[in-house]
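Undergrad: Spelled out, the chains give:
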Amino acid sequence: MHHEHQIPIWFFVGSLLTVYGVLILGVGIYNLVHPPEHPVALASLHMDVWWGILLLLIGSLYVVKYWPSKGETAR
Amino acid sequence: MNPLKHLWLAALLGLVFLTPMRVDAAAPARATEGTASHLLVLSPVDLVIVVLYFVVVLGIGFYLKKYASTGEDFFMAGRKMTAWIAGLSFISANLSSLETMGWSAMAYQYGMLGAHAYLIGAIPAILFLAVVMMPFYYICRTHSVPGYLGLRYGEASRALAGISFTFLTVMVSGASMFAMAKILNLLLGWNMNVSIWVSSVTVAIYVSLGGLLSAVFNEVLQFFLIWLGTLLIPILGIIHAGGWTRMLATAQKNAAIIHPTVQNADFTSLWRNLGSFDTNPMGIDWFGMVFGLGLAVSFGYWCTDFLQVQRVIVAKNLRSAQNGTLIGAALKMMVPIIVTIPGLLGLAVLLNRDGSPMILVPESDPRANITHRTFNDVLPLLMGQYLGPGLLGLGVTAMIAGFMSGMAGNVSAFATVWTYDVYRPLFNRKASDKHYLTMGRWCSILGVLISIGTAYALFFFSNILEFLQVLIFFFIVPLFGTVILGMLWKRATPAGGFWGFLIAILVSMSMWAYVHTFPDGYRPQPKVSIGKGAVVSFEKDAAGKIAKIVVEQGAVATVNVPGTPATEVKGADLTLPPSVEKVGLVQVLAPEVTVAGTSEKFGVEAVPVVLKTGVRVSSTEVCKTFAPAAFNPAHTRYVARSDKAKPMAVNMYSGFWSLLVCLVVTVVVSLFTRPKPEAELKNLVMGLTPIPDEGPCPWYQSPKLWAAVVFIALVAINVIFW
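Chains as they are written, first to last, in our numbering: chain A, 1 to 75; chain B, 1001 to 1722.
Calculated directly from the structure, the hints in this document are not laboratory data. Backbone N, C-alpha and C define an ideal beta-carbon position, used for all residues, glycine too. Please note: incorrect hints may appear among the correct ones.
[Stated by the list, open to error] The list that follows gives simulated cross-link-like pairs (lysine-lysine, DSS-like), each with its CA atoms no further than 27 Å apart:
#	chain 1	residue 1	chain 2	residue 2
1	B	K1080	B	K1253
2	B	K1080	B	K1548
3	A	K65	B	K1612
4	B	K1434	A	K65
5	B	K1612	B	K1548
6	B	K1612	B	K1430
7	A	K65	B	K1316
8	B	K1704	B	K1682
9	B	K1582	B	K1430
10	A	K65	B	K1065
11	B	K1612	B	K1490
12	B	K1490	B	K1066
[What the hints assert, rightly or not] Across the chosen pairs, the derived CB separations fall in these ranges:
#	chain 1	residue 1	chain 2	residue 2	range
13	A	I29	B	V1201	32 to 38 Å
14	A	I29	B	I1691	54 to 60 Å
15	A	L57	B	F1054	55 to 61 Å
16	B	T1598	A	L57	46 to 52 Å
17	A	P68	B	L1351	45 to 51 Å
18	A	I53	B	V1194	30 to 36 Å
19	B	T1279	A	P68	23 to 29 Å
20	A	L32	B	C1697	36 to 42 Å
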């Protein structure tokens, strides 16, 4: 964030969101193939798939942009 | 590819393959009608998401330890924060789970008026902080708001503010911890002791290692989690309700059923229902909203609550501090999307199995968490309704993150104020920086331990919770009056500042006691509680509603129901009345009774109860002269100008009066006492503080431009939702 060589906070945010995106997308795809017996309201919209993709995109963006090897200057 | 990249990819792949994917086996999380069973059920993938959050925050704490090697690093994050980080941290410190759940509950209770807390109740004050007050805080290089009082008014005011602040901060942190444990227990069935200890040990570790930097990192992380974990609820809810207009119409229609005491109130507008006290659900008028919330409470909270101000005074330069504050203002205006809309959705889309609106009750209602869910459950109920496995884990993680970052914020502010404004001036003035750093680390741990103690005290004295919340609320309003006069009026004297501050605090507390005092006695609503295992039968009317309850055998406890025998019904059957004159309708609660051979629970009001011969009875008469959970309308009419005023309206008007008292006392005392010489007020008071020229900047970095943009957006939102 502000010290030289310090990993920016955005990298931590991106990493966590990427992992969450992968997990939620995985669950969404699984539910798409094997629909649950007791779905939540509006399950037909498959929001878990879309939200997983969104998290993955946001997370990847931050991970790539703030990868520590590039972040050796103050941010 | 560097080693870190390998590690990161390996961790990611490991998680994907190791995570259990049989999510359909998990019981679906559904909103249920009038039940005390756990509201949400987490699947394995949800638990992985929660655990990952704990791993990451602890990892951040350990990683940042090496960057907190001096007092300036530990307490002020090195004063090198960028505008975006300062802004996100500023807004996240305020966006705790108590805030999101609490204001969703407010919107359920008060309708769209709840959004004022994010509009007139925040934005003008944040803009004022950014444009007018920030230069003073920044230029005088204070470590804290009590520190500013010390420089401006002297040690007495600093000590009063510092001691009050540290005391209240850890108490509120403990209250937050207790609330989190209670909520996680009710929602997920998690053990309260485990919730308290796991969360507080985590907070203690990462704050004591990384100090403010650690707290700020986690607040930024929490900002993303809370938005991404909650935003789906308004999106799906509005789709479910058939669009925005239909959602508002349904909410207004259902509000008349859910809140029968304010049947004629308009729940869907910001201003047009504030013409008088009885056209809105809060029982307030426009004057109270503008001057109580918009001026006193809002300016007190946003301009002088150190927890907030600390986040932006540590920016790398004045322009970043101002722009960070303005980023916070812009983000604050968007919070109603994830807070107010879910509250309105609670009125519109939370339905019982028969399609009738689900009725939630306040925490103080005897039916709360027995036969009815509470206002505070509106957000978790919607989560249960719309979020499946994975998404639910994200929502619950956002909730836990919100609680923990709130605690961390309080603990880091406690450590700073205690070390710099209490310990250093009163106990040890000349210690080394290393000594203060060690003190700060130990204070973080001590703060967490006191918070844990407070949380456990609340197990036994839960009614203190309400008192604690209003105590800090009444403390910051007088603080604002004292600080703003100190900044804008060089004639304000040390004696004026001290007495204005102290008397306004005392007046605030006196007003609070006054509205909860009942000289003629307060008798709680009459209640009949049918004991566990009692055998009960019903008589129903043509519409299928319970018209009479017959208790065949078992035990019954009554409160304020006259004519009940002391021990047992003897001779003929006894009929308890549906209402008691001058006290109210009789509530009947049956958390676990036997009806036609099966176990049931129900809660009804104003229904006669027949007690058969042999039913055991325990009868109590309650009459109090002081009741913290109840407001005396005969007294609120003097404080909030109306006997219809609801608690929030009373708080807003109390804030206004205490600010007025603070300003008047400070001015009067100052006129009769000696001011400080001007030389000592340099860099502290307007007119004696040269604002440094930070050089030219691109137009898009100009604080004044963004302040104007945010103000125009505020006006536009108020006009659109007038």
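Undergrad: Taking the hints in turn, state whether each one holds.
TA: Right, here's what the structure says about each hint:
Of the supplied pair hints, the one linking K1080 of chain B and K1253 of chain B is violated, its CA atoms being roughly 52 Å apart against a limit of 27 Å. Taking the CA atoms of K1080 of chain B and K1548 of chain B, the gap is near 69 Å; set against the 27 Å cutoff, the hint is violated. Distance check on the hinted pair: K65 of chain A and K1612 of chain B sit about 75 Å apart at the alpha-carbon level, beyond 27 Å; violated. For the hint pairing K1434 of chain B with K65 of chain A, the CA-to-CA distance comes to about 36 Å; that exceeds 27 Å, so the pair is violated.
A threshold of 27 Å between alpha carbons decides the hint, and for K1612 of chain B with K1548 of chain B the separation of about 13 Å falls inside it, so the pair holds. For the hint pairing K1612 of chain B with K1430 of chain B, the CA-to-CA distance comes to about 78 Å; that exceeds 27 Å, so the pair is violated. For the proposed pair K65 of chain A and K1316 of chain B, the alpha carbon gap of about 22 Å is at most 27 Å, so the pair holds. For the hint pairing K1704 of chain B with K1682 of chain B, the CA-to-CA distance comes to about 24 Å; that is within 27 Å, so the pair holds.
Pair hint K1582 of chain B plus K1430 of chain B does not hold up; C-alpha atoms about 65 Å apart against a cutoff of 27 Å. For the given pair, K65 of chain A sits about 25 Å from K1065 of chain B by alpha-carbon distance, which is consistent with the 27 Å threshold. Our distance criterion of 27 Å between C-alpha atoms is broken by K1612 of chain B and K1490 of chain B, whose separation comes to about 77 Å. About 43 Å separates the Cα atoms of K1490 of chain B and K1066 of chain B, which puts this hinted pair outside 27 Å; it is violated.
A hinted range of 32 to 38 Å for the beta carbons of I29 of chain A and V1201 of chain B is consistent with their spacing of about 36 Å. With their beta carbons about 57 Å apart, I29 of chain A and I1691 of chain B fall inside the hinted range of 54 to 60 Å. At about 25 Å, the CB distance of L57 of chain A to F1054 of chain B disagrees with the hint of 55 to 61 Å. Evaluation of the 46 to 52 Å hint for T1598 of chain B and L57 of chain A yields a pass: the beta carbon distance comes to about 51 Å.
Taken as a hint, the range 45 to 51 Å holds for the pair P68 of chain A and L1351 of chain B, whose Cβ atoms sit roughly 50 Å apart. Remark: the range hint 30 to 36 Å for I53 of chain A to V1194 of chain B is upheld by a beta-carbon distance near 34 Å. Distance hint check: the CB atoms of T1279 of chain B and P68 of chain A are about 57 Å apart, inconsistent with the given range 23 to 29 Å. Take L32 of chain A and C1697 of chain B: their Cβ atoms lie about 50 Å apart, and the range 36 to 42 Å is violated.
Taken one by one, the earlier hints fail for this structure at numbers 1, 2, 3, 4, 6, 9, 11, 12, 15, 19 and 20, listed in ascending order.
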